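A.B. asks: Residue numbers (numbering that gives the first Met the number 0), protein chains in the order written: chain A, 0 to 291; chain B, 0 to 234.
Treat the hints as calculated values from the structure; they're not laboratory data. It is possible that some hints are incorrect.
What the hints assert, rightly or not - Just the calculated beta-carbon pair ranges, DEER-fashion:
| # | chain 1 | residue 1 | chain 2 | residue 2 | range |
| --- | --- | --- | --- | --- | --- |
| 1 | B | Arg-9 | A | Pro-109 | 37 to 45 angstroms |
| 2 | B | Ala-125 | A | Thr-264 | 50 to 58 angstroms |
| 3 | A | Glu-176 | B | Gly-12 | 21 to 29 angstroms |
| 4 | A | Ala-150 | B | Glu-5 | 18 to 26 angstroms |
| 5 | B | Ser-135 | A | Arg-79 | 38 to 46 angstroms |
| 6 | A | Val-85 | B | Pro-121 | 53 to 61 angstroms |
Please read all numbers here as calculations on a predicted model, not as lab measurements. Cβ coordinates follow ideal geometry from the N, Cα and C atoms, glycine included.
So you can see what is in the structure, the chains are spelled out below.
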Amino acid sequence: MRTFLILTVSGITNGFVYAIVALALVMIWRATRVINYAQGAMGMFTTYIALYVISHGFTYWLAFVIALGSGLVLGAVVERVLVRPVEARPPLNVVILSLGLLILLEALAPMLFGGQIRSFPAPLSRVDLKVGSTQLYISPFDIFTVGAVLAVMALLVVFFQRTDIGLRMRAAAFNPEVARLLGIRVGRMLTLGWGLAALLGALAGLLISPAIFLYPTNMDEVLVFGFTGAILGGLESPAGAVVGALVIGLVLSYVGGYLGSELETMGGFLILIAVLMVRPQGLFAFGSRRQA
Amino acid sequence: MLEVSELTVRYGGVRALSDVSFSVAEGSITTVLGANGAGKTTLVRTISGLVKATRGSVRVDGATLTGRSPEAITRMGVGHVPEGRGLIGELTVDENLRLGGLWRRDVTDRRRAVDEVYELFPPLAARRTLPAASLSGGEQQMLSIGRALASRPRVLLLDEPSLGLAAVILAQIMQRLVSLAAERRLAILLIEQNARSALSVAGEALVLSLGSVVVREPAERLAGDEALRHAYLGF
């Protein structure tokens, strides 16, 4: 029972981080119809930026904000400079471009920041809490992780559902041609979408790196797990992506805990392959028609 | 108000439009008729900026639209009711309507323009929070026209609004266009396959054939000239 509780809590905590990556992938998918394979690497890069800021004597929270901000900028620049020129081409071009960016960032990071494995600080204790004599299996940092992800999700819902710019972005994603006829500058919406997605990736990097350490390929697995969660949720649905990612987090935690941690990554791939074979539209694809 | 002169569009080696010239005055409706493939949709898409003109120009109030992006053209006062209505089915009626004027800076007037659409088309007001995809064909057409009006255009382009509409509903919508042109001093360009209903509301009528204007007559005369009607419109 104790093992089960520990595994459940860590599965949910990790699942929330995968969920934020899954949301970033869904956001890009809905706007540009491609999977951004560099999504994780961009989060790795911004986490290095955070570490750089911290190592120069600034506080964690300043580094946190700077990492998120540089994610926003990095995503926007990638869209403007790299994606825009191949946007009118077949989607495969953007996919290959994102793979190229992944390799580039993973090569650039060790050149700029050093290639060795670094520990990355958590702003709160990672030791599990105790209430009186009862041992809980959740640490303050776990609570922070879940809380930060939930807060960001709530902000995204408000942004997309309640603001004019969010409405413009949804229109541009659903039907770019009609959006242009309505006077919406679709190009700007795409730039903003890539920026926001990279901001989410930056948050994922900050939240997962204290547990998995920071090195140039540290987000590769996180990307695969987030991707699997997004696929499980049907790629179109943000809510589906979150649920899918939580399921992945839990399953992987149980696989790692009961069958051996070396099987965890393989478990992720097995789920991915199984979903793609059995239900490629995802578990939560309820009639995701694109146009009226 | 809307002036099209010597508009020519070539796709690869094929001429989709050749030297098309006409104008639509403020407060009037001009209809462009013709068979499938005559170039009607190319004409609207070129005016909208979605298709690049090879030669010629389109002007609104003297300002040149040709060469500008679709979003810039919309911002210059051109409202669109695209082929197939172009609604975003996943968004609500209210969201679709708001999108029409969202580029405008005057937030108060933006809201007023949307409220005016609800007054103009009361069925939409009752369905504000429903997804646009759930509306009937007639309501969807009202929404598409209303969304274009929410941008307070001076020129309104409609691409086959009759498509899939029952005759009674179509007649109502056509009457609405007549009063809109008169009351809001709109210049309306009505692209239609359904010649009979378009001729009943238009002032001037053009017939396109293989990308060229072959007839340009007052709508009333075209409707009354049996020989012309038989030759070009098939009724």
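A.B. asks: Is 18 to 26 angstroms respected by the C-beta to C-beta distance linking A:Ala-150 and B:Glu-5?
C.D. replies: violated, 59 angstroms
A.B. asks: Is 38 to 46 angstroms right for how far apart the beta carbons of B:Ser-135 and A:Arg-79 are?
C.D. replies: holds, 42 angstroms
A.B. asks: Do the beta carbons of A:Glu-176 and B:Gly-12 sit within 21 to 29 angstroms of each other?
C.D. replies: holds, 25 angstroms
A.B. asks: If you check the beta carbons of A:Val-85 and B:Pro-121, does the distance land in 53 to 61 angstroms?
C.D. replies: Violated, at about 47 angstroms.
A.B. asks: May I ask you to test the hint 37 to 45 angstroms on the CB atoms belonging to B:Arg-9 and A:Pro-109?
C.D. replies: The hinted range 37 to 45 angstroms is violated for B:Arg-9 and A:Pro-109, with Cβ atoms some 53 angstroms apart.
A.B. asks: Measuring from beta carbon to beta carbon, are B:Ala-125 and A:Thr-264 in 50 to 58 angstroms?
C.D. replies: holds, 54 angstroms
Hints 1, 4 and 6 from the list above are not met by this structure, while the remaining hints are.
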